[in-house]
Amino acid sequence: MFKKFDDKENISTVQQLKSSVQKGIRTKLVELYPLLEGYIDTILPKKENFRIVKCHEHIEILINSSGEQLFFRQREGQWLPCLKLLHKYPFFLPSEQVDKGAIKFVLSGANIMCPGLTSPGALLTSVDKGTTVAVMAEGKNHALAVGITLLSTDDIIKINKGVGIENCHYLNDGLWQMKPIK
Amino acid sequence: MENSKTTILRNRPQPNVTYPLKVIYCGHCTLPVEYCEYYPEYDRCKLWLQQNLPAEFEKLISISGGIDDENSEEKKRQKRGGKGMIKTKKKEGPKQICVSRATRGKKKSVTVVTGLNSFGIDLKIAAKFFGTKFACGSSVVGDDEIVIQGDVKDDLFEIIPEKWSEIDEDFIEDLGDLKR
Ligand SMILES: [Zn+2]
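Taken in sequence, the protein lines are chains A and B.
Just so you know, we're using this note's numbering here: the first sequence kicks off at 129 and counts up by one.
Just so you know, we're using this note's numbering here: the second sequence kicks off at 26 and counts up by one.
Hints in this document: simulated from the structure, not taken from any laboratory.
Be aware that one or more of the hints could be misleading.
Below, a list of computed lysine-lysine pairs in the DSSO-like style, where the Cα atoms sit at most 27 Å apart [said to hold, decoys possible]:
(1) Lys-71(B) with Lys-268(A)
(2) Lys-216(A) with Lys-84(B)
(3) Lys-156(A) with Lys-47(B)
(4) Lys-307(A) with Lys-268(A)
Chain B on its own, in the form it takes in the complex (with noise of 0.2 Å):
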């Protein structure tokens, strides 16, 4: 065989090495920043890095290359079956933002907006926006629910993450014609 690579050596806390040890978890994935890179939203952990350890973030990109490397490797080496697929950690609350549009009446309809409140906005504000980008009438219904007068769904996609730079498009879902 040629992978007789069994080391006898068990481990063993090391000389001049205080424990607990102290690892350093990614504020993003919360993962070991050194597994920041198998995670699906990597530009975002790179973000956090960057802004709140900066020394770390250095290391990173110098020896980087990390999962390209491994791809092409992969493909020399072997395939593997699965998707290896790492999820995601889950949201607290939902954090979307869904956009719908509703008739009202025979030919006039209007726009839904719901979920503002989930990235911390403040929906008066939001509707007062909305009213004066798209000169029509544009109210706060319910709890986390804007309603605007007439058909503006498609302008939303551009205009929300224009204003709100940390709503991404992604995070815009369209819900098509509801029944109000």
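Isolated chain A, as found in the complex (with noise of 0.2 Å):
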């Protein structure tokens, strides 16, 4: 998704948003993230504006007022978390884990693949397909992608082939590199 995005290139507007929207924005991602529910007024404090980036492709950023970056989503999906956020709340996303020979090829973009997710190095966390996931690393404490699972888990190990999770968003990308908004 943000493989080619440039942040002087790809930005459309900046909206702020109304208090009421805030507040719809903030009720969906605890609903999303059941997890971050004690953690939500730090995230996304109710006395502070947060504002909307509107980019091409139909991708929004939610970022909060010192300007850093969120969630992001893509045409009406669901919220993702940005790795900057999800680096400092580790818990409220699965984490699926990939060997180690998969790192750089997370790290170029590419989709995370079956087999790097059932090798030795691998470990899974038992999801439906359609899940927000975090992409961990064999060896490593932090996520390095943060994808959507094509496949149930389950299908993941039975089917063994082809693409397992959609990579959405990975370290070094365009929107890891955008830098905060004033």
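Put the two chains together into one complex; each comes in its own frame, and the hints tell you how they fit.
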């Protein structure tokens, strides 16, 4: 999603949100990620104004008052956390671990293939198809990508071929490199 | 299936841990330091770590082996398609020096150097330096261009990195002969 993203070229507008809309997003996020409930006020303080950055290809990025990127989505899909936020609260997504050999492919933006998720260095958390997951790596402590499962983990193991997780945002992609927006 | 490695446990906030966690990011490549080994300019990452976070640097060195290990492991395991290339971050403006040769009259040529500005080098001082070094005329033209009288292009690849250690030879691009 952000492989070729460039914050200078791909941003259309930055929109201030009405408080009712802010409230709606906050509720939605807790619904999506129940484990965030105790932390949502720290991430999105009620008194602060957060904004939405509208970008090309129907991408929206939710930013806080100091301009840090928090969540993003495409075409009104579900909100996915930005990696910097996920690193701060690593528990709120189920994690799927790829083996060491897959790391450099994930970091170059490739989708996560099933064999990289079923080999000896990999580790799966059981989830359904269409789940937002943190992509972790063998021997590393921090997530290297955020993705959506295209198969349930059961099918990833059973089929063991093709793409298992769509790589939506990874370390060093355009969103990662985006500067805070004032 | 031998690979029934699904764990049923979902993530939870860990007791005795306060969130938000503080992750250490590399000042050179911006990734969490544990991923520096995958960055094409790993050497510079290491340099940054060594200078700014010596403790982390020690840790990294002691567990390293990292990517080399992985390559040999990969040979044993399976071939993966694709290149697996990690892009380096975009520079603030193109940080590059270009040198070219241009003819002047029938027999004489001049050497044009552009881009020194992007390294924060004072052009006047640089022009003076080239003039003394090559014992010839050298002047600043425009906002980031130095014209040296004479064909000294090949020498520049040695002399520039020697004078300004922050400029590696790889940053200097040879544009060949240009018409002015
Ligand atoms: Zn680094």
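For each hint, the structure was consulted:
{"no.": "1", "hint": "Lys-71(B) with Lys-268(A)", "result": "holds (18 Å)"}
{"no.": "2", "hint": "Lys-216(A) with Lys-84(B)", "result": "holds (22 Å)"}
{"no.": "3", "hint": "Lys-156(A) with Lys-47(B)", "result": "holds (26 Å)"}
{"no.": "4", "hint": "Lys-307(A) with Lys-268(A)", "result": "holds (25 Å)"}
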